[in-house]
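Q: For reference, the chains in residue letters:
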Amino acid sequence: MIHSLFLVNSSGDIFLEKHWKSVVSRSVCDYFFEAQERATEPENVPPVIPTPHHYLISVLRHRIYFVAVIQSEVPPLFVIEFLHRVVDTFQDYFGVCTEAAIKDNVVVVYELLEEMLDNGFPLATESNILKELIKPPTILRTMVNTITGSTNVGEQLPTGQLSVVPWRRTGVKYTNNEAYFDVVEEIDVIIDKSGSTITAEIQGVIDACVKLTGMPDLTLSFMNPRLLDDVSFHPCVRFKRWEAERILSFIPPDGNFRLLSYHVSSQNGYPVGYRSLVAIPVYVKHNITFREGSSQGRFDLTLGPKQTMGKGVEAVLVSSQLPRGVLNANLSASQGTYTFDPVTKMLTWDVGKINPQKLPSLKGSMSLQAGASKPDENPSINIQFKIQQMAISGLKVNRLDMYGEKYKPFKGIKYMTKAGKFQVRT
Amino acid sequence: MQEWANQLCENRQFGSKMTDSKYFTTTKKGEIFELKAELNSDKKEKKKEAVKKVIASMTVGKDVSALFPDVVNCMQTDNLELKKLVYLYLMNYAKSQPDMAIMAVNTFVKDCEDPNPLIRALAVRTMGCIRVDKITEYLCEPLRKCLKDEDPYVRKTAAVCVAKLHDINAQLVEDQGFLDTLKDLISDSNPMVVANAVAALSEIAESHPNSNLLDLNPQSINKLLTALNECTEWGQIFILDCLANYTPRDDRESQSICERVTPRLSHANSAVVLSAVKVLMKFMEMLPKDLDYYGTLLKKLAPPLVTLLSAEPELQYVALRNINLIVQKRPEILKHEMKVFFVKYNDPIYVKLEKLDIMIRLASQANIAQVLAELKEYATEVDVDFVRKAVRAIGRCAIKVEQSAERCVSTLLDLIQTKVNYVVQEAIVVIKDIFRKYPNKYESVIATLCENLDSLDEPEARAAMIWIVGEYAERIDNADELLESFLEGFHDESTQVQLQLLTAIVKLFLKKPTETQELVQQVLSLATQDSDNPDLRDRGYIYWRLLSTDPVAAKEVVLAEKPLISEETDLIEPTLLEELICHIGTLASVYHKPPSAFVEGSRGVQHKRIPIRSGSGESSESQDTGGAPGATEAPAAVIPSQGDLLGDLLNLDLTPPTSTAGAPPGPPMPMGGMDLLGGGLDSLLGGDIGGSPSMGSGFGAPAAVMPSSLNAPVGGGLGDLFDLGGGVGMPMGTFVPPKTLWLPAMKGKGLEIMGTFARRAGVIQMEMTLTNKAMSVMTDFAIQFNRNSFGLAPAGPLQVPTPLSPNQTIDVSLPLNNGGPVMKMEPLNNLQVAVKNNIDVFYFSCQYPISMLFVEDGKMDRQVFLATWKDIPNENEAQFQINDCHLNSDAASNKLQGSNVFTIAKRTVEGQDMLYQSMKLTNGICVLTELRVQTGSPTYTVSLKCRAAEVSQCVFQCYEAALKN
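Note that the protein sequences, when read in sequence, are chains Z and S.
FYI, the numbering for the first sequence is 1 to 426, going by our numbering.
FYI, the numbering for the second sequence is 1 to 965, going by our numbering.
Only chain Z is shown next, with the shape it has when bound in the complex:
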């Protein structure tokens, strides 16, 4: 099982270590540093690194490497999932997961890690259980604790720890009972030179914020559950009911949680080539050319909305890694601002909102090194955007009902679509 954990910052210093079994010397991380040196980009460090006596499994989050040390055969996904849980917990407790935050709360961090694993076996990883065991630090509590000498460690066994619904504690009370659901979809697309779609998939999640008194039992039904073919549920969802009736029935955890994540690919439920389920919300017209023998290149980019069901496309940000030979770009944007970093060759254009009447464009010329040959690589264009009040897959919640409690909760559902890896090749 998991032996030790080292936290390494971006400059390669180990700033925290925790051992769940015997102490492993931190020199084991030298193998990690070697791999780090070999990798061109920080994210290219391989996640599993063998050393003569141990294996190092690492994840990179918030520019911190979480390096777990294992000695025997342990499923690597188990370790990676656990590390993610550690990151999530830190974020949950300290608001951000940074080196400074971890150092500022090192004792809490240590207590948390001790609660999360016992002898390498996961012990308590649910946020609500942990919060009962170790109260998250707040400025107020730190002050009060310092003055009164009380503690931020819970004295009682967390109620959720062993119940059939470990994700919910008993005796929850709210004056305002509310349940909010956010349907957030990220669309991953690759569009080729000619504008046709190569792949398009949607990664959707339904995140919930439920603040309800007592032990509510919720059901959530959809207008078009057929879309949800490939789903992962929070453990609270009753799988049998879903299988039989396509209804989500669950006793929710208290607070924020991810109810479900789903995946819609271009083929779900349809034979190949029948019809793509994934609508592409924006289009790009581009013309990036270099001529042989000339030290100038043309750059011309226009964005426009497409299949957005009348909703506005906001927070648009275009970025493109221009070829290495490009010295500078002299462009003019019809709206928003652009920057070109001559060192990394990264062109970024902050567009803002797309106005369908007046499409945003970025035009101009790129200067190449004099005498250099025409660049070989074709830059890809990466686009980020948001569309409010719409789930691009068309997923719609039909109704939300509550059983088991008498009060009337306030319910709300929000939809949003974001670009994930939205990539246009030129």
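A portion of the hints provided could be inaccurate.
Claimed, not checked - Once the Cα atoms are required to be at most 20 Å apart in a straight line, the calculated EDC-like pairs of lysine to aspartate or glutamate come out as:
#1 Z:LYS193 to Z:GLU73
#2 S:LYS419 to Z:ASP30
#3 S:LYS300 to Z:GLU243
#4 S:LYS62 to Z:ASP30
#5 S:LYS376 to Z:GLU377
#6 S:LYS110 to S:ASP63
#7 S:LYS562 to S:GLU402
#8 Z:LYS421 to S:ASP180
#9 S:LYS593 to Z:GLU73
#10 S:LYS145 to S:ASP180
#11 Z:LYS421 to S:ASP347
#12 S:LYS344 to Z:GLU377
#13 S:LYS389 to Z:ASP376
What the hints assert, rightly or not - Each pair of labels, with its calculated beta carbon distance range:
#14 Z:SER10 to S:ALA745: 53 to 61 Å
#15 Z:THR289 to S:SER444: 25 to 33 Å
#16 S:GLU34 to Z:SER25: 22 to 30 Å
#17 Z:GLN307 to S:ASN229: 35 to 43 Å
#18 S:ALA369 to Z:THR289: 24 to 32 Å
#19 Z:SER365 to S:ASP532: 55 to 63 Å
#20 Z:SER25 to S:ALA949: 28 to 36 Å
#21 S:ASP42 to Z:GLN384: 58 to 66 Å
#22 S:ALA369 to Z:LYS396: 32 to 40 Å
#23 S:LYS299 to Z:GLU178: 53 to 61 Å
#24 Z:GLN307 to S:ASP570: 39 to 47 Å
Calculated from the structure, these hints are not laboratory results.
Where a beta carbon is used, it is the ideal one built from N, C-alpha and C, also for glycine.
We have chain Z; now place chain S onto it with these hints.
A: Okay, now just chain S, sitting in the frame of chain Z:
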């Protein structure tokens, strides 16, 4: 000074904030005293702050162990946080201060009785983490209570504690009956307790492969499946991994398990998903293919695998490595999902490369157009490694999907037009392969290839190009000119290119003999006269002789029809694939190697295999043979690492393996005997039983096998006969040192082992006298060696006729081979041995005389001796004196010959006899000596030369021992 400066900075930075970082400021040297004072303060609050500072220092790796007594003093407190902090400290430092740690025992025992279950659990949990023997003794009683605690939280913590305790003292756990209690917990009413019990048992079972701890039967499986639905995600992983080890009785049971596992595929935790995939992939094998459910299951497997690819890159990587296996085993699952493997330009490189690999595996006629378009796109990316692999992938597609070959070739030509150097080189390498797969089809492109001749600077690409020119010499008008241009820098080329050039020119000559005679002369003389490379020379000579004796035969040989290259050369070998499928989700699946090949100390890695399909009617007894070691398994040895394989093949005794079965049946082999032997054993056996231990499989099964008859008691008996004579120095017998006490009865819990080493008939024997000085019988003997300098390893299990009753003494002889893992020891001839019996595992170390390793064919040719002697630098020479030896030189030579030290020459100079001797070690090291014997003087002088100077001292000891006995 620097330190103070740093501290000042830190103080300024953090001092004013109300955060934990303030704790970091006060732990510099000298401030330990300050902390000490604070820890002993009367004020509660100050104490807690001080402990926090101590913990903070500990987390960043500073040594605060000096504060141990002061911190332990804070343990008796009602404040839970302070208690926890002190516990944290204890776990870290108890090992270094065992005597002090005893002070904490009372508090622990008291806390285990606390009314608050949180404290009871915390106490038992912490105690298990303190790896101090004395504390462990006190742990048993509280642990027993906690295992039966009314509160499930305590029980589940206690279950894990058993695993901890087992790690510290396995014997204690068995003696105290904790294993049985743990097994009972599998039927606990609380699913979390069940999950933890399974996890603990699995971990313990890893060190006891045959202990049958997790005795899975339909009833227990049912309990596990019930718990599966209710326990935490981590518990689900443990239970699923445990389920995967079960072999269902028939297809109906298999199907019902599959049905109950399938919902796990929708879990949010990817590790749960992958473990579920493992169970399904394995049990699916048992289902009849025409069953409807089989098809349903296949369909259900695809979406979760695809979903894994939308997770974080690290998860994706592990998922992709596993999908690579799944795609090889059952391509039908993902055949429609090609698109999800398309590479995004901001994927990390390790994800890109894996995706590419899977794309090729999924490529088929239906999707090849899409795949090719993608690959072409990738070939224009920035990352050189990725681009190269993409180009290579195009070639692999051409070879895999015949219909696409033409399109692939034209894509490659397009890429060659880009003139990007490394793209062109890769393209040429793969085009060569395409020519080999589809001869006489695409030769029209040769002209384009030739245009790029000058830009090739990598050996592989140059060799490929030369091959093409040679192969199609008759179609290339200026083939001779092209090849001649390569010939100019012949000596600067790599071997690969030289060989290829030689062959190509010979081909050219055979095709156009008139114009190229001069060229072929030139290359033959370059290859045979001016080259130091034996391969090149030999090939040159063969061609030369062929051409000069029989040109027609030469033509038949050199221009022979070549076999077509196979479609997929990189498929994992099927038996290995089967094993890896059983290890989906583990490290083995990431490395595509069986666990035994790489897991450190994989004592218990069992060789897993997919169950064979059996209908409901038949009983599946075949499974039993998979686990139970039979008589044929005697010649087990630790798998040699890849590098040793060749050496072992050379040493291989050619006794046909069939004689194994004919070996006289010894006493029934103790089951426990398997425990200590490396995991390699299991995989080896598994391979044998599988019936197809193919040589290429990497198991190298026959390689490390010693003739099994040596294991039989007969061999031992023979050894004993020799032993009688050994003492008096038989002329031809190896010198055998008298037995020494290796393991005193005091340390061996009553087992006494005396032993020595001997070399008999070319086999190293470890001869031991085992005496039972305890009051009870001993059984289940087994032996294992640590890695050692010469890779000595038991060639078979330890054959002890059991039981060994009290006061009984027996002699056993264990044949050894040198196929084990190698690690340099200090001293060189040190051997660390573990002997196990039903009571415990005992460790001792002994030293073997290095003469055991002198092989029978160590006699050197005189000339070679002379040359070697000169060749070895003088600093490698060592000189020793042997005093009080009263043999004349002939007698000495005779005696040494018995130990495989061979006298090559003798010279007498001024009354001094000089003996020149050589010996060779099993690993090929040669030792050369000059022994000077002054007539009438009892002092000999040995001068010794060896390339590996480390062995000198050991060799000298052998001389002394052999001559004086």
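Q: Quickly compare the C-alpha distance for S:LYS562 and S:GLU402 to 20 Å and report which way the hint goes.
A: holds (19 Å)
Q: For S:ASP42 and Z:GLN384, compare the CB-CB distance with the range 58 to 66 Å and indicate the outcome.
A: Given a distance of about 60 Å, which is inside 58 to 66 Å, the answer is holds.
Q: For the pair supplied as a hint, S:LYS593 and Z:GLU73, is the alpha-carbon distance within the 20 Å limit?
A: Holds, because 12 Å separates the two Cα atoms, which is no more than 20 Å.
Q: Can the suggested window of 39 to 47 Å be confirmed for the beta-carbon pair Z:GLN307 and S:ASP570?
A: holds (42 Å)
Q: S:LYS344 and Z:GLU377 were given as a pair; does the straight-line alpha-carbon distance stay at or below 20 Å?
A: holds (15 Å)
Q: Taking 28 to 36 Å as the stated bounds, is the beta-carbon spacing between Z:SER25 and S:ALA949 within them?
A: At 31 Å between Cβs, range holds.
Q: Does the alpha-carbon distance linking S:LYS376 and Z:GLU377 stay inside the 20 Å limit?
A: holds (12 Å)
Q: Is it true that S:GLU34 and Z:SER25 lie within 22 to 30 Å of each other by Cβ?
A: Check passed, 28 Å falls within 22 to 30 Å.
Q: Would the pair S:LYS419 and Z:ASP30 pass a check requiring their Cα atoms to be no farther apart than 20 Å?
A: Since the Cα atoms of S:LYS419 and Z:ASP30 sit roughly 40 Å apart, the hinted pair is violated (cutoff 20 Å).
Q: Given the hint that Z:LYS193 pairs with Z:GLU73, does the C-alpha gap stay at or below 20 Å?
A: Distance ~45 Å between Z:LYS193 and Z:GLU73 Cα, so the pair is violated.
Q: Starting from S:LYS62, check that the Cα of Z:ASP30 is at most 20 Å away, please.
A: At roughly 18 Å apart (the allowed maximum being 20 Å), Z:ASP30 and S:LYS62 satisfy the hint.
Q: In this structure, is the beta-carbon distance linking Z:GLN307 and S:ASN229 contained in 35 to 43 Å?
A: Since Z:GLN307 and S:ASN229 have Cβ atoms about 41 Å apart, the given range 35 to 43 Å holds.
In terms of the numbered hints stated before, the structure departs from hints 1, 2, 6, 8, 23, listed from lowest to highest.
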